Structure formats: C-alpha cells, structure tokens
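S.K.: Okay, here's what each chain looks like letter by letter:
There are 2 protein chains.
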Amino acid sequence: MVGSIAFDAVTSPFGSRDRMLGGSAVHFSLAASFFTDVRVAGPVGDDFGDEELAVLHERGVNTDDIEHVEGGQTFFWRGRYEYDLNTAHTEDTQLGVFGDFSPKLSSASTGAETVFLANIQPDLQREVRGLCTGADLVGLDSMNLWIETARDSLVKTIGGVDLVFMNDAEIRQLTEEPNLIAAARKVLDMGPRAIVAKQGEYGAALVTAERFFALPAYPLETVRDPTGAGDSFAGGFLGHLASQGDGAAGDEAVLRRAMTYGSVMASYNVEDFGTERVRRLTREEIDGRFEEFLDITAIEGVPAG
Amino acid sequence: MVGSIAFDAVTSPFGSRDRMLGGSAVHFSLAASFFTDVRVAGPVGDDFGDEELAVLHERGVNTDDIEHVEGGQTFFWRGRYEYDLNTAHTEDTQLGVFGDFSPKLSSASTGAETVFLANIQPDLQREVRGLCTGADLVGLDSMNLWIETARDSLVKTIGGVDLVFMNDAEIRQLTEEPNLIAAARKVLDMGPRAIVAKQGEYGAALVTAERFFALPAYPLETVRDPTGAGDSFAGGFLGHLASQGDGAAGDEAVLRRAMTYGSVMASYNVEDFGTERVRRLTREEIDGRFEEFLDITAIEGVPAG
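Chains as they are written, first to last, in our numbering: chain F, 1 to 305; chain Z, 1001 to 1305.
Hints are computed from structural coordinates only; laboratory data are not their basis.
One or more of the hints may lead you astray.
Output of the computed footprint for chain F on chain Z, the stretches with three or more beta carbons under 8 Å from beta carbons of chain F [stated by the list, open to error]:
{"id": "1", "stretch": "1077 to 1085"}
{"id": "2", "stretch": "1089 to 1096"}
{"id": "3", "stretch": "1256 to 1265"}
On a predicted model such as this, the values are computed, not experimentally measured, just so you know.
Beta carbons: idealized from backbone N, C-alpha and C, even for Gly.
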C-alpha cells in the first residue's frame, strides 16, 4: 500500500492526543496485517524514528519502502471532533515531506498482487498503479479535495483500478448525482468492478454491476476517535481479499465477508485514539465481532452461519 | 390507528401534485391493509368525500371512525423536496379540522389488539392510549415539534407504549445524546420494549434491551416522493406484527421480519407520488421485495432463507 504516514493531533469529546502515529498508510497496514503480509510505502521525515517503526513491526508490517527524507518533517494533521463525531474539523495541516513526494517502490512492492492506493493526489496514484506490474487487484480511496481540484485525473485513475472506496457524499459529488445507487453505477461505468460506499455511522454499501449489499456499522455506544476508520476499513477489506487467493474479487460471498471484516476493523479503530485499540487487538476479537455482524444483520433472527 | 388524514401538495425533482390524499393515517392504513384488518380514526372536513373514502375502501380499510366535521376543512400540507430528497421543506400547513380534534373511538376501535398512534400531539396520543383498553401492543410515532413544545408529555406518553418509531435525529434530540445506540437505550428506559430508529435512505435500526438489528433501505435509483415513507414503514411493521398473534412483539425473529416488511412498504411508497404506488401494489410484489432484502443483507452471499 502507498499512502501517508503522519503524526496526528486529535481532540474529541472523549479526550485529546497531542502527537500520535497516524496517516492512511499506518491505519491501513495495521488493519490488513491481521489477514495478510503487508508492505507499506510512503515518505517520513527526521522526526520519524524507531519508536514509530516499532508500531508497524509489532504487527509484522514490512517497512523497507518507507522513505526517509533527510532534513524533512513528517506529515502533520491536527483535527477536532464535536459531539457529532461524523465530521472532522481540520485545524492544521503541514505536508512536510509529503509536499514533493514521488513514489519509489522496490521490486517486492511492484510485484505485490494486491495494491491499495490510499487518499493521495490522483496523478501519484496513477503513477504507482503503473509501477505495480504484478498487481491483479487494486483498490483506491480519494476525497473531496481531489474531486474539486483534479477531477479529470481522478476519473482517469479510477479507470485503472478494480475497487473504489469512497464516502457516499464523495461518490455523489464526483458524479453530480444525488441518488447514491445511481451515482455508484456511474462510477462503475468509469471502469472498476466494485464500489464501496462508506457511510460512517450508517455502515457501508457494496455496489457491483449485478448485486447490491449493505452492512450497518457495528453498534458502538462510545466512539472516541473516528480518525483512520476508513483506512482501517480498507485494510480489513483488502487484507481479507488478499488472503483468499486469485479471483476472490469476483466472488460475491468473499466480497461480502471482506465488507464485514472491513467494518469490524473500522469499529475497533474508532474505540480509542489513533492506533491504540488496533495495536492491542487480537484475531480472536476480530472473529468474535465478525460473528456479531452475522447476528445483527440476520433478518430471520438467527445468524446465517 | 389514529392520525391525520390530509390533502398534500408536493413538489419534487420528479414532478408535482397539487392535491393528493395523504396524511399519516392514510399511508399507514394502506400499508397495513396488506397484512391485517385496519380501522382508521381521524377528522376530515367538508372537502373530503366519496372519492377519498374509496381509496381506503379499495384496500378494505374500515373508515367508520373517520369523523366528518361539518363546515370544516381537511388538514392540508404543502411541501417541496430538493435534489437531496431526505429533507421536506414545508411551505404551508393548514390544520383545519385537526386544530381542535378530540378523538372519539367506537368500541370496535377501543377493542383493537394492536394500536398505532401516529405523529399527533402527545396529550392526544395518551388520551387515545387510555381509551384503547383492548390493546396489548401499541406503537407510537412523534416528531421534533413535540420534542420542542411538549417534551414532558411525550416522555409520559412513550412510557405507556410498546414500540417507538422515530427518526434517528429525533431520538438524539429527545435524549440529548449524540450516540444513537446510547440514545435509543435512554428511550428504552422510558418504558417501551423496542425502539425503531428510522434512518431515511440508510434504512432503519431496531434496538431492544438484549439485541440490535439494522437493515439498509431498499436500493432505489429513483425516489419520486418520500412523503409518508415513515408511516408506510410503521404500517408494514405493525401490520405484520398484528398478523402474527399474541406475543409476536417479544419474538426477535418476528420483529426483524416486521422491520423488513416495513422497509418494503416504505420503498414502494416513495417510488411514486402520494399513495399512487401503494394503491396499485400487490402482495406478490411485497413478497418479492422481501426476498430481495434477504439477498441484499446476506453476509455469506446467499439468503438465509
């Protein structure tokens, strides 16, 4: 996966942290590491050291393609959540080494079968996609900033990937279509085989040419820090897919289980600040919550098993 | 059921109607009529005649308790929906005969086993609840207006019912609790055995003391008129429950199927203006969409059956 490695400062109604390891690359990698081998690529500065690397190594994430930029400063984000935890209010963004990042990937990375292009500039995403000659399954995330400033490039990039992960509001914005189902079909027309519409506290929906699937979010009474939920979702989703071998992305049952593992990982991510909850997570807890999802979605009142 | 009988004028991006039969009583009764015998109570004016009654009689709804107020005018509502169909903008409301409505119910109505108190003033809802001595299952709907102007009365009324149907935003507003699950638990503490949180395009959630269930909305590409969706939902829900005999409200599997029938009826309701789609609906179409819900929610990719 290629994305941002960051330090985050977050304030929510449940507390605050001045400086935590964060960024899409970190949240995705930690989540995916429970399912498959993960290599992470992205730039860091002089303020990124062994302590931060250790968080990734604890979970077996390969960091050989993390690029240390001499004299640079790691990407920094400061945000605040109100009582309504759905919206992050950005208070400060310092791009640092991310300002002129150009991806350099080892052959081990370009040979990866499954690739995730986290939310970075779409030209960069397309460049990485081009480098990854071994990939047979590529997922992409994006955001309103790129829809507004680089729409044509984003559409072109979407045309070269298999899976698109975006918020439902972003899917509507990208297609200028208020109905989510119609909007997702327009994104499918750009090329991908599946669209994952992230819906925050309402869960997520999966739209393919033939089928529709929707999953509620896990019913948490306390959400401490939503930062990274989308990347944890993508990590659980693609991590599970990668573990299921060739052709998994064409199997609706596998995709639906991937949606569920994604939701499980996102739900744990938001239970505590930054990576705190996922760092102490176990595979048994993941499987337990997967079973709970079977229970809370079963119309007949008993899990499908 | 007791609620409003109305004439609605609606404009949406898909057209407009100047004067349609509407109101919570009408939408609820038509939906419930596919599952059980329905009696409707509420006031109408001189402008309400045989043509309007025929819409209810076509579906076998008993209208003996519809009260004709001499010289009065039927409740009138004019609203408009933007491209985002989630919010109704009210342009005109004329209470008419609803201004000083005092429910008078026949013994057939007070003996009903299942009662729905649609969104009317909570003092009136409690008065009806008191009259319905035969009821062993009572559902209630409400809205932000009563939370803001009659909160204490609403809380008291909720204490005397079994099921609460409210929008998720209203459940949060009533309890001053931003987290929906925590908010729903606070409403459970007021007395009901189950809370149905309506979530518009995201579906609905069912919260009881022991369990949680959530169901997406049916994936419609075209929503023409959302007016009455909530009442159609409640009609399908309570209609199914009423058809399942004593103790049905305590059976999680029955409640979940009721959620699904409610979602089916709401989805058909919004496909066309006012009552137009539900009037030409068949039981076969209802059962077909119920099966589709099993499909779109099945995590394992095949319906639970």
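S.K.: Are the hints correct? Go through all of them and say.
M.R.: Each hint tested on the structure:
1. 1077 to 1085: holds (count 3)
2. 1089 to 1096: Our answer is that it is violated, as 0 residues pass the Cβ test (under 8 Å) against chain F, missing three.
3. 1256 to 1265: holds (count 4)
Consistency with the previously given hints fails for number 2 only.
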